[in-house]
Each structure stands twice: as structure tokens, then as C-alpha cells.
Amino acid sequence: MKLDHLIQILLPHDEKFYAYFEESAQNLVDASKILYELRSGSAQDHEETVRQIHELEHKGDNVTHKIFAELNATFVTPFDREDIHILASALDDVMDYIDGSAQRFVLYKLKNCPPEMAQLIEILQRSVNELQKGVSLLRDFRKSAELQKVLERVNEYENEADTVFQGAIADLFEHEKDAVQIIKLKEIYVGLETATDKCEDAANVMESLLIKHA
Amino acid sequence: MKLDHLIQILLPHDEKFYAYFEESAQNLVDASKILYELRSGSAQDHEETVRQIHELEHKGDNVTHKIFAELNATFVTPFDREDIHILASALDDVMDYIDGSAQRFVLYKLKNCPPEMAQLIEILQRSVNELQKGVSLLRDFRKSAELQKVLERVNEYENEADTVFQGAIADLFEHEKDAVQIIKLKEIYVGLETATDKCEDAANVMESLLIKHA
Amino acid sequence: MKLDHLIQILLPHDEKFYAYFEESAQNLVDASKILYELRSGSAQDHEETVRQIHELEHKGDNVTHKIFAELNATFVTPFDREDIHILASALDDVMDYIDGSAQRFVLYKLKNCPPEMAQLIEILQRSVNELQKGVSLLRDFRKSAELQKVLERVNEYENEADTVFQGAIADLFEHEKDAVQIIKLKEIYVGLETATDKCEDAANVMESLLIKHA
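Protein chains in written order, with the numbering used here: chain S, 8 to 221; chain D, 8 to 221; chain A, 8 to 221.
The following block holds chain S by itself, in its conformation from the complex (with noise of 0.2 Å):
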């Protein structure tokens, strides 16, 4: 609280931007982080781990609401209003996944987490952390070609979700003969993909301001 409020002081514009993105993408990468807890534990983990990821999903929020206040409040902005929009847009949507995920998982009494779903998590733990080196990235961009390598791999992440997805929805509809717990499994499937699916818009703003800055 107190650093924001410093970062709300003391800083110009343009680098607000930057620090509320850095923050939102960080805010993932520790949800992402928790989220892979729920690969193992017992009930009573799992419930405080969506504790936990929820609260980061507050977080997240308010780092949305910041960056809005900011956009209404500012004229000169480091890119255009649009795609700042967008981008903060698609990070809060990736939050907003997982935590919806994470809930669902407790909410359904899931008790052990299938290894298609623990895939899907890594893979999405793998492709927020890109997102955050890219975010950093946009500070400067005469490394546009660091930048452009890292949203190569949250778009190959997120094929690769696509296709674990795939199969574990064919499983799915293969072994698992209790309509609910179909019910249940694919919708946190759908979530977990969802995710990655957010990323990869999140990597396409920032493709775009490739173009249009580097």
C-alpha cells in the first residue's frame, strides 16, 4: 500500500502505466504459483489456496481500477489509450480465470487434481511467466527482439493447452461414465484453457505496440 502510494506521488505518467502493468502481471504469476498447489494437498489446502488466489484476484482489481482511473485521467499516455485498455483488459481476464478455476475446484469437492488438468496448470504457471518478462519488456523496446521471442512462446503455450485440452475433454467423454463429474471436470478444464486463451490476447496488444513502437 504505502509503495503505491509513493508510485502514485512521485512518478510521471507514463511510468505509472509501466508500474501497473509490472504489478497486475506479478500479481498472476504469484496466482499461477499458488494455483499449482492444488496438484496435491488435502481439502482443507485446496481451501486455503483459493483463499489465497482469490485475495490475489482483488489485488488484481485494484490494479485494474488503477490503471482505468489513470487512463481517464491522463492526456499523454506511453501507447495508445486502446490498446492500454486492452492489455490491462486481457490480464485481469487471465486473473479472473484462474481464480474462477481454483474456486470451482473447491466448490465441485474435487479431491485430486486428473494429470491432464496438472498439465494445463503448468503450462499456464509457463506462459504467465513470459507474460511478465514481456510486460518488462515494454519499458524499452530497442529489445523488441527479446519481446517478440517471448510472445512466440506464450502463442506456443497456448497450443499447447489447446492440445492437452483436447485430450483430456476425448478422456473425459471416454472413461468417465458420471455425467456430474463430467459436468464438473470440463468446466474447470474449460477455465484453465480460458486462461491461456487471455494470455495469448494479452501477448497480441503488446505484439501490436511492437509494431507501431519498435
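Don't take each hint at face value.
Because identical chains share one entry, a pair is satisfied inside a single copy or across any pair of copies.
Said to hold, decoys possible - For lysine-lysine, the following DSS-like pairs were computed, each having C-alpha atoms within a straight-line distance of at most 25 Å: (1) K156 - K66; (2) K118 - K184; (3) K156 - K73; (4) K150 - K73; (5) K118 - K193; (6) K116 - K191; (7) K219 - K23; (8) K116 - K184; (9) K66 - K219; (10) K193 - K116; (11) K140 - K66.
Bear in mind the hints are in silico, worked out from the structure with no lab data behind them.
Once you've looked at the hints, dock chains D and A against the given chain S.
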């Protein structure tokens, strides 16, 4: 229709936007009031209820179209074009989810409305009533403190709806053994909960208008 | 690829947008024609069908990316940037829902296509054919009466699809006793119906272009 024609001819451009937003909010108030009737009554009553809501949805569509057409035809708008677009879309979305939830109620031949569903409908109605107040307050930003309170209440209702929703879903998976019934009820719960989310989206645009204009 | 390269080099900026939109619409026409083949044939045929559609989806993605890149690189555009963005996204969405519906057909190992699904595919194909006409008419707004009729037909198809969809879902819940089968079929119905919704979204942007330019 005649009133609408008068609006088209007599009102200055700014006034039209306010009038359209108020018309859109009034439609939502009417629809959510009718939705409330799903809580009791016979299957035949429900069909009539759904027909009435669908009519309001059509009316709402027309208002949204008129806002977009006016936006295209007008150089000077009272707010940023983007904000007008988002607010109109959010109000339209609320209506779509009210309409969709009601239609499914009849389509799925539900006989009665579970208590949590009734609760969600009640919260949605309160949220929509606040939206209407909010929209009418856009005409005069000197009442910004009042608008601020209205928007806070919409946010509270969204949180309340979220809690009721989570409880309803947990309960559904815990006690309902029929997977088909789970599919049906869950979809309506999601529809109603999303409607309150869209109310919050509308409130968020109004909040950003407040920041810019108050 | 070679044609595309020529377009890149030789065409003035305005022309590129028209050419890309036409390419995007042509992809949709091709994909919806192939989708039609799911109505009959063996599981092996279906896999080949889905593979072909997915290839078109990739092709479509590339066109969408080119439109966005061109948008970023061009100062003067034939239409509002915002409208170009929305139209390209809507066409891209239509393709995504065609591709998603087809993929699920194979993923869920459906053996045959219920009559209502065949009907939805047929309506979708007609809607996409109209979209193609509409896109080509964007080049010359003197033919605005013709464009207007095209857009009305897209709207009619969306209404038609909605009616078929509602009937299909009611029927599904009435006669299908297997919850897993309901989950599978419902998801494809929703995908196809959403595809026609997205056609309508595309038509709505074209209508707003008509208002601004005719």
C-alpha cells in the same frame, strides 16, 4: 412510438442520449419486475411471463440500435463515444441475460423456482433499480456523491449475488442426483449471476464518467 | 501466398482492407461449405472434414492478423479504425465457432448429425454467403439498397437459427435420457447458434458503415 418520434425531432443530440439511456434502464426495471413472477405461478403463467420479457428485450434492442445510430450520426456527444458505446452494450447485456434466463426456465420446463434462484432474481431486481437511478443521475454531475452511492450499491449486489450463486451451485452438486436437472438449473443460475455482473459493468462505466466529469 | 505478397506490395492501403475482408469472408464460405459434410459420412470422413476446417481457421487467423497489422501501420483507412477492428473480429469469431463446433463433433465421437443440427448448419451457410455478398458491396456504397437487403437477410437467418436452436434444445431435454449425450449435443448446438449470432454482429457493423458512408 410517438414519444420516440418526438424525441428524434425535438431534442438536442445530448438530450437524446440521456433519454435513450433512461429508456433502456426503464426496460430493465420492467423486465426484472416481470422476471420476479417466475417465483410462483403455473407453467402457463411462466410462458406468458417469458413472452412479456422477450418483448421488452426487443424494445431494448431497438433502443440500443438507436443509441449506436445516434452515435454514428452525431459529432458532439455528452460523454466519450467509447463510454456511450460500453454503457449501452452493458445495459443491453443485462437485458439479454434476463431474457435468456427466463427463456430457459420455460424451455427446460422447470416447475418451480428454487429459493436461491428466487434470491438471485431479487438481488438482480434491486441492482437494476439502482442502475436506473444511476442513469438518471448522469444528467447532473453535481449530484456525484449520490451517484457514487448508487454505484457502490450495484457493486455490493454483485458481491451478494456471487455469494448466493456459489452457495446455490455447491448445494446443487451436493443434493441433486439427476445430472440433467443439474445442467438445467446451473445454466439459469449462471445466467442470473452474469446479469448482475453486467449491472456491475454498467456501473463501472458510470464510475469512469464520474471521474471524468464530476 | 504469392497473391498475398502481390497484394502487400501493389495495392493502395484502402484496397488492402477490402481485399482482406473479402479473403476473410471467402474463408467462411469455404468452411461452412465443408461443415455441411458433417451431415453425412463416416467417422473417418468427419476427421478429414474437421482437419480441413481447422486449416481454414488458421488461414482466417492470418488474415485477421494482417488486418490488425495494417490498421496499426496505416494512417488513412477507408472506414473508422474501430469499425474495421470490430468487423474483422466478428468475421474471425464466426470462423472460431464454426471450427469449434466441428472439432467437438469429432472430439465427442458423434456418429450422426441430428436433423436440427443439419438445419442450423444450413442456415449458417446461407448467412455466411450473405456476409460475403455484404463484404464485397462495401467497395461501393452506391449499391447501399442492395447491401441493406443483404444485411436484413443475415438478421432473418439469425432469428431462424434461434428458433431452430430453441426447438432443438427443448427436444433434446424432452427425449434424450443420457445426460452425457445432452452435454455433447447441447454444446454443439450452442456453438452453431453463436456462429449465426456472430454473423449478425458482422452485419451490424456493416450497417453502421452504411449509415456513415451511404
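We went through each hint and held it up to the structure:
Taking the shortest Cα distances, K156 and K66 sit within 25 Å of each other only across copies (22 Å), while inside one copy they are farther apart (29 Å). In this homomeric assembly, K118 and K184 come within 25 Å of each other (Cα to Cα) both inside a single copy, at 17 Å, and across copies, at 19 Å. Taking the closest pair of Cα atoms, K156 and K73 come within 25 Å of each other only across two copies (19 Å); inside a single copy the shortest separation is 29 Å, beyond that limit. When the C-alpha separation of K150 and K73 is checked against a cutoff of 25 Å, the pair qualifies only between copies, where the shortest distance is 23 Å, while the shortest distance within a copy is 27 Å.
In this assembly of identical chains, K118 and K193 lie within 25 Å of each other by CA distance both inside one copy and across copies; the values are 15 Å within and 21 Å between. Taking the closest pair of Cα atoms, K116 and K191 come within 25 Å of each other both inside a single copy (9 Å) and across two copies (20 Å). In this homomeric assembly, K219 and K23 come within 25 Å of each other (Cα to Cα) both inside a single copy, at 20 Å, and across copies, at 19 Å. When the C-alpha separation of K116 and K184 is checked against a cutoff of 25 Å, the pair qualifies both within a copy, at 18 Å, and between copies, at 15 Å.
When the C-alpha separation of K66 and K219 is checked against a cutoff of 25 Å, the pair qualifies only between copies, where the shortest distance is 24 Å, while the shortest distance within a copy is 30 Å. For the identical chains of this complex, K193 and K116 are neighbours both inside a copy (14 Å) and across copies (16 Å), given an alpha-carbon limit of 25 Å. Taking CA atoms no more than 25 Å apart as the test, K140 paired with K66 passes inside one copy only; the shortest distance there is 20 Å, against 29 Å between copies.
Of the numbered hints given earlier, the model fails none.
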